[in-house]
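Please construct the entire structure, taking both the sequences and the accompanying hints into account.
If you read the protein sequences in the order shown, they are chains L and G.
Taken in order, the first sequence gives residues 1 to 413; the numbers are from the working numbering.
Taken in order, the second sequence gives residues 1 to 413; the numbers are from the working numbering.
Any given hint might turn out to be false.
Note that the list lumps identical chains together, so a pair holds whenever it fits in one copy or between two copies.
Stated by the list, open to error - Pairs of lysine-lysine, BS3-like flavour, derived with a Cα cap of 27 angstroms:
hint: 1; residue 1: K123; residue 2: K110
hint: 2; residue 1: K112; residue 2: K123
hint: 3; residue 1: K272; residue 2: K115
hint: 4; residue 1: K110; residue 2: K209
By construction, these hints were calculated from the structure, which means they are not laboratory data.
Listed below are the residues making up each chain.
There are 2 protein chains.
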Amino acid sequence: MGIVIKKYGGTSVGSPERIKKVAQQIIKAKEKEPEIVVVVSAMGDTTDDLIELAHEITQLPDEREMDMLLSTGEQISCALLSLALISMGCPAVSLTAQQVEILTTDTYTKAKIQKVSTKRILKELKANKVVVVAGFQGITEDQNITTLGRGGSDTTAVALAAALEADICEIFTDVDGVYTADPRIVKDARKLELIAYEEMLELASAGAKVLQSRSVEMAKKFGVKIHVRSSFNNLPGTIVCEEVADMEDILVSGVTSNLDEAKITVLDVSDKPGMAARIFTELSEKNINVDMIVQSASENATNDISFTVTKSDLLRAVQIMNVLIKEIGARGIISDDNVAKVSIVGVGMRSHCGIASKMFSVLASKGINIDMISTSEIKISCIIKRNYAEEAVRALHDAFDLAKKDNRSEFRV
Amino acid sequence: MGIVIKKYGGTSVGSPERIKKVAQQIIKAKEKEPEIVVVVSAMGDTTDDLIELAHEITQLPDEREMDMLLSTGEQISCALLSLALISMGCPAVSLTAQQVEILTTDTYTKAKIQKVSTKRILKELKANKVVVVAGFQGITEDQNITTLGRGGSDTTAVALAAALEADICEIFTDVDGVYTADPRIVKDARKLELIAYEEMLELASAGAKVLQSRSVEMAKKFGVKIHVRSSFNNLPGTIVCEEVADMEDILVSGVTSNLDEAKITVLDVSDKPGMAARIFTELSEKNINVDMIVQSASENATNDISFTVTKSDLLRAVQIMNVLIKEIGARGIISDDNVAKVSIVGVGMRSHCGIASKMFSVLASKGINIDMISTSEIKISCIIKRNYAEEAVRALHDAFDLAKKDNRSEFRV
Numbered sequence: 001m002g003i004v005i006k007k008y009g010g011t012s013v014g015s016p017e018r019i020k021k022v023a024q025q026i027i028k029a030k031e032k033e034p035e036i037v038v039v040v041s042a043m044g045d046t047t048d049d050l051i052e053l054a055h056e057i058t059q060l061p062d063e064r065e066m067d068m069l070l071s072t073g074e075q076i077s078c079a080l081l082s083l084a085l086i087s088m089g090c091p092a093v094s095l096t097a098q099q100v101e102i103l104t105t106d107t108y109t110k111a112k113i114q115k116v117s118t119k120r121i122l123k124e125l126k127a128n129k130v131v132v133v134a135g136f137q138g139i140t141e142d143q144n145i146t147t148l149g150r151g152g153s154d155t156t157a158v159a160l161a162a163a164l165e166a167d168i169c170e171i172f173t174d175v176d177g178v179y180t181a182d183p184r185i186v187k188d189a190r191k192l193e194l195i196a197y198e199e200m201l202e203l204a205s206a207g208a209k210v211l212q213s214r215s216v217e218m219a220k221k222f223g224v225k226i227h228v229r230s231s232f233n234n235l236p237g238t239i240v241c242e243e244v245a246d247m248e249d250i251l252v253s254g255v256t257s258n259l260d261e262a263k264i265t266v267l268d269v270s271d272k273p274g275m276a277a278r279i280f281t282e283l284s285e286k287n288i289n290v291d292m293i294v295q296s297a298s299e300n301a302t303n304d305i306s307f308t309v310t311k312s313d314l315l316r317a318v319q320i321m322n323v324l325i326k327e328i329g330a331r332g333i334i335s336d337d338n339v340a341k342v343s344i345v346g347v348g349m350r351s352h353c354g355i356a357s358k359m360f361s362v363l364a365s366k367g368i369n370i371d372m373i374s375t376s377e378i379k380i381s382c383i384i385k386r387n388y389a390e391e392a393v394r395a396l397h398d399a400f401d402l403a404k405k406d407n408r409s410e411f412r413v
Numbered sequence: 001m002g003i004v005i006k007k008y009g010g011t012s013v014g015s016p017e018r019i020k021k022v023a024q025q026i027i028k029a030k031e032k033e034p035e036i037v038v039v040v041s042a043m044g045d046t047t048d049d050l051i052e053l054a055h056e057i058t059q060l061p062d063e064r065e066m067d068m069l070l071s072t073g074e075q076i077s078c079a080l081l082s083l084a085l086i087s088m089g090c091p092a093v094s095l096t097a098q099q100v101e102i103l104t105t106d107t108y109t110k111a112k113i114q115k116v117s118t119k120r121i122l123k124e125l126k127a128n129k130v131v132v133v134a135g136f137q138g139i140t141e142d143q144n145i146t147t148l149g150r151g152g153s154d155t156t157a158v159a160l161a162a163a164l165e166a167d168i169c170e171i172f173t174d175v176d177g178v179y180t181a182d183p184r185i186v187k188d189a190r191k192l193e194l195i196a197y198e199e200m201l202e203l204a205s206a207g208a209k210v211l212q213s214r215s216v217e218m219a220k221k222f223g224v225k226i227h228v229r230s231s232f233n234n235l236p237g238t239i240v241c242e243e244v245a246d247m248e249d250i251l252v253s254g255v256t257s258n259l260d261e262a263k264i265t266v267l268d269v270s271d272k273p274g275m276a277a278r279i280f281t282e283l284s285e286k287n288i289n290v291d292m293i294v295q296s297a298s299e300n301a302t303n304d305i306s307f308t309v310t311k312s313d314l315l316r317a318v319q320i321m322n323v324l325i326k327e328i329g330a331r332g333i334i335s336d337d338n339v340a341k342v343s344i345v346g347v348g349m350r351s352h353c354g355i356a357s358k359m360f361s362v363l364a365s366k367g368i369n370i371d372m373i374s375t376s377e378i379k380i381s382c383i384i385k386r387n388y389a390e391e392a393v394r395a396l397h398d399a400f401d402l403a404k405k406d407n408r409s410e411f412r413v
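Right under this line is the structure:
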């Protein structure tokens with residue numbers, strides 16, 4: 001067995017008691033897996049508490065200083081886990097991103113990993129230590145501390161797996177694996193044994209919070225096999241891996257909703273080249289990620305352009321657009337955060353038609369109006385009113401027969 | 001005006017509200033002092049909370065991991081203060097010990113500063129930023145995080161003052177300055193305007209908690225002028241500086257008590273060369289600081305050797321001694337943590353006799369038994385029963401007339 005990466009989320013290390021349980025799990029695993037690198041998130045609500053502390057000082061905190069502040073959460077949990085391991089007789093060492101040398105861009109609060117040094121980790125593994133790395137954080141060339149954005153510890157884990165050429169990257173979390181839908185919403189949601197990177201990617205961007213999108217992208221790029229599993233039991237979870245032929249037989253792998261987006265519509269944008277580019281370049285330069293974009297075809301000299309951003313970026317995006325519409329001569333903007341995005345995902349969609357129309361029919365049959373539609377090769381997303389989100393997820397899960405393992409038959413050619 | 005160092009203790013940055021007040025103070029000071037380097041301790045009880053967290057995992061935490069854990073306290077407060085400054089329009093940047101490059105020994109939990117790089121700080125000062133440095137922490141050559149022991153932020157401040165050749169090192173704290181005795185114990189205790197490094201050093205080692213001893217030693221070595229003052233008002237405090245001729249006229253500058261020591265007596269140590277060396281080398285190698293040492297002169301073939309250690313080291317010291325007494329053939333050990341050390345300090349003592357006998361008489365007149373005595377050129381300390389500590393301090397303060405500014409007359413030759 002080669003190197004194994006084990007990532008534990010905030011709930012898994014949420015208290016000294018849980019940290020001790022995780023330490024026991026690791027010590028047990030070490031019998032069969034001699035080289036273990038652990039990545040931890042901050043304990044429970046630590047990150048939120050730190051954000052609140054910063055907000056008591058200022059509502060618009062400087063981003064470099066925020067990263068300095070937030071990175072302490074993971075430093076605390078990795079030190080505590082290492083303390084627990086050592087106290088149980090298992091040699092261990094905790095390392096910050098600076099000590100590992102996880103180099104990132106200097107885009108604070110959402111930095112991207114550029115290079116991971118393996119030197120220190122390999123040295124500690126050689127000394128037979130369990131290496132506990134602080135997730136979520138990085139360091140710039142100038143030695144400034146960065147963070148990788150919400151869920152960034154997943155990305156740390158995958159980046160380490162890639163750099164160390166680990167056999168597997170286990171993501172321990174508070175759910176048993178990846179489900180066909182959120183089990184809290186859909187009672188007969190089913191755990192998937194396997195899921196392709198692309199599907200996981202679309203699920204993540206569609207709002208399923210099991211893995212951070214960027215970690216899946218990185219896993220795909222470097223062929224890192226991810227095992228999403230529960231930290232509370234020993235059951236196998238879901239393996240995220242390269243698409244295998246068999247997967248295509250399944251048309252829809254999952255349905256999910258995302259309540260974290262808000263819609264902005266720019267009214268009467270003049271219908272000439274470069275307008276859309278102007279809008280989205282401006283947003284991108286200000287580091288605002290845009291998800292769905294819809295431009296209504298029109299016979300007039302103007303178009304409406306609608307797009308969605310995360311709720312936390314809404315205020316800033318509106319401010320930016322209010323300035324921009326004057327420059328480009330648009331009539332105004334409307335924003336709406338009372339929306340939800342409902343998506344169905346599946347690599348099998350690629351080779352089958354009729355899926356989109358079925359989705360729209362299902363929503364219509366429940367009297368749910370569709371605000372925006374966007375499709376990728378393996379995903380269809382609809383923006384609907386927020387209060388219909390759960391009903392839509394349940395109806396789609398039902399209509400596509402996701403509770404049954406052999407649901408692949410229905411749409412087969 | 002050259003560079004000014006301002007160190008704020010845990011109480012001064014104990015809440016977001018207080019941090020904002022400190023930021024306002026700094027911004028006001030910057031009008032006259034353009035180059036400011038701030039050193040902060042952890043907020044309020046953060047360090048104690050972190051220690052408790054570690055103790056919930058293990059009672060004997062690994063020291064490297066403890067430093068990894070504890071250093072987060074100062075990282076949080078320096079980030080928050082920097083956030084506050086920036087939000088008020090004052091350019092600022094927070095730096096960890098690693099970012100400054102404060103190199104220390106690898107004696108975790110009580111590391112010693114070896115070298116301070118000024119490069120990063122000078123670069124940030126040149127960019128007109130207030131530089132906020134995390135106190136209490138350092139980094140080894142191998143990039144492991146260390147801490148400097150309780151009150152270590154004072155040492156960070158003085159070390160930076162020395163390296164940057166600062167004009168002054170201001171220590172902002174929750175008291176107005178250095179007093180002739182603890183004002184909570186002695187009602188008419190008086191604030192001193194000036195105090196010599198040596199006196200401050202003896203006061204610190206005698207239990208006055210205004211400044212960490214090592215910071216005073218370092219200030220003396222590098223001639224750093226320290227100004228101890230309140231962070232809650234703008235009054236001048238106490239300047240700690242080189243001894244000036246005038247100071248010698250004052251025989252006793254202060255009286256203080258220390259409840260943080262415990263006494264160990266090794267019984268029947270055979271009276272031959274090398275025994276004491278054996279005991280104290282062993283303790284020193286285990287990083288246990290011994291304060292007072294008394295060996296009773298004896299006509300027998302054996303002696304009793306008594307010494308004091310800090311309460312937190314008592315258990316470990318007893319464990320070490322229990323092993324050692326078998327090797328050296330001593331009869332046993334007795335430990336007692338129900339003691340207090342009462343000390344009087346003053347550079348004027350050097351040239352005057354009669355001070356010690358007066359101290360012993362005062363204690364005797366109150367019926368207080370003396371357990372151990374130790375003297376230096378400018379200090380006399382007595383170990384007494386713990387419950388007499390406050391009474392002893394009051395009696396000595398009174399007897400040496402410390403409430404009066406002209407108390408120098410009494411013992412004058």
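Tested hints:
no., hint, verdict
1, K123 x K110, "between (29 angstroms within a copy, 26 angstroms between copies)"
2, K112 x K123, "both (25 angstroms within a copy, 26 angstroms between copies)"
3, K272 x K115, "neither (42 angstroms within a copy, 63 angstroms between copies)"
4, K110 x K209, "within (17 angstroms within a copy, 43 angstroms between copies)"
In terms of the numbered hints stated before, the structure departs from hint 3 and from no other.
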